[in-house]
Structures are given as structure tokens and as C-alpha cells.
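2 protein chains.
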Amino acid sequence: MAGRFGGQGLAGIRDAEGSADARNPEASSPASEGKAPRTARGQRTLRKILDAALEEFGEKGFSEGSIVGITSRARVALGTFYTYFDSKEAVFQEVVRDMSAQVRDHVAPVLAGSADTLEGEGRALISFLEFVRTHREVYRIIDEAEFVDPEGFRKHYVTTADRIAARLQAGKDKGEVVAMESKLATEVEAWALMGMNVFLGLRFGVWGKESPAEVTRIANHLLQSGLRP
Amino acid sequence: MAGRFGGQGLAGIRDAEGSADARNPEASSPASEGKAPRTARGQRTLRKILDAALEEFGEKGFSEGSIVGITSRARVALGTFYTYFDSKEAVFQEVVRDMSAQVRDHVAPVLAGSADTLEGEGRALISFLEFVRTHREVYRIIDEAEFVDPEGFRKHYVTTADRIAARLQAGKDKGEVVAMESKLATEVEAWALMGMNVFLGLRFGVWGKESPAEVTRIANHLLQSGLRP
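These protein sequence lines are chains B and Y, in that order. Quick note: the first sequence uses the UniProt record's numbering, first residue 1, plus one each step. Quick note: the second sequence uses the UniProt record's numbering, first residue 1, plus one each step.
It is worth saying that the hints were derived from the structure and are not from the lab. Wrong hints could be hidden among the right ones.
In this list, chains with the same sequence are indistinguishable; a pair is considered to hold if it fits within one copy or across any two.
What the hints assert, rightly or not - Here are the computed lysine to any residue pairs in the SDA-like style, where the Cα-Cα straight-line distance is at most 20 Å:
hint : residue 1 : residue 2
1    : Lys-183   : Arg-217
2    : Lys-174   : Pro-229
3    : Lys-88    : Thr-45
4    : Lys-183   : Trp-207
5    : Lys-88    : Ser-63
6    : Lys-60    : Trp-207
7    : Lys-172   : His-221
8    : Lys-209   : Leu-184
9    : Lys-48    : Gln-93
10   : Lys-172   : Gln-224
11   : Lys-183   : His-221
12   : Lys-172   : Pro-229
13   : Lys-60    : Val-148
14   : Lys-48    : Gly-120
15   : Lys-172   : Gly-226
16   : Lys-88    : Glu-59
17   : Lys-60    : Asp-143
18   : Lys-183   : Thr-134
19   : Lys-172   : Ser-225
Chain B with its partners taken away, still in its complex shape (with noise of 0.2 Å):
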């Protein structure tokens, strides 16, 4: 059974592209390949697209959602897609793209104002909990990628582990997080913490209306302390 988690391997996806944070923007464009906007007006088209695209699949999913959803959502002509997407696909794999960047985005700022590391995981967990209330399509859009998209459904999960395992490591360096003598441990602990804060965002983000605030108080506690008395 090969299957779509079998054989490539996690190396490829870094190999590819390196981290998503390093991407260049003006080497590598929103659009299918040759189709990048020139001009500011084309990149607010483009914008226009992909912000309709994501109502579109986040409403219908990827084989109801459809390109004249898309256009007449975005009340742009046909043809004007096709200046910038070869086809539905291309457009689903930018819009997975574009919500693990706006994710990204989202709580860049409340870590970067936060002085001791787990206080600032707990900043942002609270930062994504209330980011999904408010766009609970992220949850359809990458969970939806493992099947329309997978390359782009590992990257979106790798890109975002290899972010919390930097921020631990420098973390570990400063001596605010504890750090385990194994080579592996700042990976493991990057996607344990990342599958709390799928999981925390499923339950009580887009599913559930608790305080974000006292979610994260219990969640951080763990994080920091841990459940041995």
C-alpha cells in the first residue's frame, strides 16, 4: 500500500522549497507559473481571487466548489482567472498556501512581542484559537489538502513544526526551556505542541465557544509544568 503518506519521504518537501518563511515572493508568485500579476491593480485582482476561492472551497470543498463560483464571488470576468490559475487545483494549492501564510501572519506579531518563550506559545495559542473562530474554513482547506493537495498539505504541517522547533531551540539556547540530551527532542516536542494546538483549535476554536484565554491558561500549564503532581 503506497498510498499517499508512503514512499517520498519528508526530505523532499525541505530539499524542494526549504522553509515556507524563506520563500522569496518576488521569485516565486501567488499564480501559476508565467501568470504572476505585473502591475498593483493585478495583485489586488489576484487578492480578489484568492480570498473568493477560499469562500468558495471553505463553503463547498474542492470538487463542489468551482471556478465560476470563484469569479462571480470575486465579480471578475473568466478569463481574467485564467490570466493568473491554469486550473481549479492550481487555485486550491495557492489558497492552502495562502491560509498556512495567513496563520503564519496571524500570530507572527504576538510572538515577536513576547519575551519568555512558553509564555509566547501561549500568547500565540490564544492568537490562533480566536484566528479560527473567525475562519473556521482553515480547518476544511488544510484538512481537505491531505486528499486534493497532499505535497501541499505536508508542507503547510512540516513548515509550521520546523517554526516551533526553531522558536524552542532558542528557547533551549537562552535556557528557558529544558532541554532533553537527544537530537531528536526539539522535533518531537515542536509536533506535540503543534497537535495540542490542532487539536485545542478543533475542539474548542471552531467547534466549541470556551474562553481562549482559560483554554490556553490549562493548555500552557501543561506545556510548562506537565501533569505529575
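Position chain Y relative to chain B; hints supplied.
Same frame as chain B, but now just chain Y:
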């Protein structure tokens, strides 16, 4: 945006069926309504169909998978399939329920043999990582359920979190787990722990080849003692 995440909330699922553990196999058969097998031979045939369906959907996904694919894998006639299930949707729903129960049953003996709550969670994680390494299709099935069988998807996670919460609560009662004052605490901790396990399973069970014992040692250290030095 109603979407599949909006609206019904979690209460409906708990009210409708309680915990999956509480399901009485006499009362609720895996087959479609009115199609429960009446003989031991029938039960074996149903089991063959379910195993074949797991393979079929695990390899091809729901939309590409077919009833004919299932019956030819199971080496049963098409009519035999319809003796037990009404549709492809119905057998997929049962595969989700069955997969969820298989994960639970695989981990249960490990938990039963653990004297200490948090060490038990560690042993359960090793066991889960080993299980997903040989059952990679578990992720594809459960994740695709989000789109094909959203109620089954929710129920899988809600009942899994409920089981973890019950174990943590028992640990709190015995003084083995730190008891926070908030009534939300145990539920948040359970979802955090489940999220950790799901993402560690994806990264280190399905995608990676790292030692389950080593990964678990690191994750369980986080769970027990936290990351604050």
C-alpha cells in the same frame, strides 16, 4: 458559512449515542439497519467485507473506491455485499467505526496493565505508534471521514478524548495527575494529549521511521514534567 463544522455542536453526538464504548454489540450491529448477520458464518463474511473495504478505501480513497473493488477483494458476490450494507456510504461509515474501535482495542490491554496513569499514557503512545506504522490507512480513513462521514469523524475524536479524560480523572482521583481547579481542565488536557498523539503518529509513525520508544520517551517527559527547566 454553516459548513460541516458549524451548527450542531458536540452535544448532539453525545446525546445520540453516548460513548462508543457503551455500544452494545447485540443492540447495534455493524451492518446496515435490519441487515445484521444471524449466524457465525454471516459474521465471518461481514468481517471479510469490512477488512476488504478498509483496504479498498485505504488504497483508493472514498470516491475512487468501489463496491465491486470491495467484493472482489473479499471474494464474495455483489449480492452478498447488499445482504449487509445498503451503499458505499454505509460500509465506509462502518469502516470508520471499526477502525476507531481497532485503535481503541489495540491500546486497551497496554493501559490495563499500567499501574501509573501517566506512564500508562506513555505505553499507550508506543503502542499507537507501532499500530499506525503497520496500519497507515488509519489516518487516511479517519481523515477522509471528515468529508464523507462528518458525524463519524467527530464521534471518533469525541469518544477518544472522553476515554482519555476519564483516565486522567481517575489519575487525579488517585493523586497521580495534577488537579487544576477549573472544570474545563480535564477536557482541555485530554484534547491536548490526543492532539499530541495524533500528530506524533502522523510524523513518526506514518511518515517517519524513528524509534517509537525514543519518540515516546521525549513526549512523555513533556507530558509528565513540561518544558520549563
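Please work out whether the CA atoms of Lys-60 and Val-148 approach to 20 Å or closer within one copy, between two copies, in both situations, or in neither? both (14 Å within a copy, 13 Å between copies)
At most 20 Å between alpha carbons: which applies to Lys-60 and Asp-143, within, between, both or neither? both (14 Å within a copy, 17 Å between copies)
Regarding Lys-172 and His-221, is the shortest C-alpha distance of 20 Å or less found within a copy, between copies, in both, or in neither? both (18 Å within a copy, 16 Å between copies)
For Lys-88 and Thr-45, with the copy left unspecified, which applies at a CA distance of at most 20 Å: within, between, both, or neither? within (17 Å within a copy, 42 Å between copies)
I want to check one pair: Lys-172 and Gly-226. Are their C-alpha atoms no more than 20 Å apart within a copy, between two copies, both, or neither? For Lys-172 and Gly-226, the Cα distance is within 20 Å both inside one copy (17 Å) and across copies (13 Å).
At most 20 Å between alpha carbons: which applies to Lys-183 and Thr-134, within, between, both or neither? neither (38 Å within a copy, 25 Å between copies)
Within, between, both or neither: how does the pair Lys-88, Glu-59 come out at a Cα-Cα threshold of 20 Å? within (15 Å within a copy, 24 Å between copies)
Indicate which option fits the pair Lys-48, Gln-93 if close means a Cα-Cα distance not exceeding 20 Å: within, between, both or neither. within (16 Å within a copy, 38 Å between copies)
First find the shortest C-alpha distance between Lys-88 and Ser-63 inside one copy, then the shortest across copies, and answer within, between, both or neither for a cut-off of 20 Å. Both: 9 Å inside a copy, 18 Å across copies.
I want to check one pair: Lys-60 and Trp-207. Are their C-alpha atoms no more than 20 Å apart within a copy, between two copies, both, or neither? Within one copy, since 18 Å is at most 20 Å while 30 Å is not.
From the Cα coordinates, with 20 Å as the cut-off, is the pair Lys-183 and Trp-207 best called within, between, both, or neither? between (36 Å within a copy, 18 Å between copies)
How would you label the pair Lys-183, His-221 (within, between, both, or neither) given a Cα cut-off of 20 Å? The answer is between: 15 Å across copies meets 20 Å, while 25 Å in one copy does not.
Hints 14 and 18 from the earlier list are contradicted by this structure; the remaining hints agree with it.
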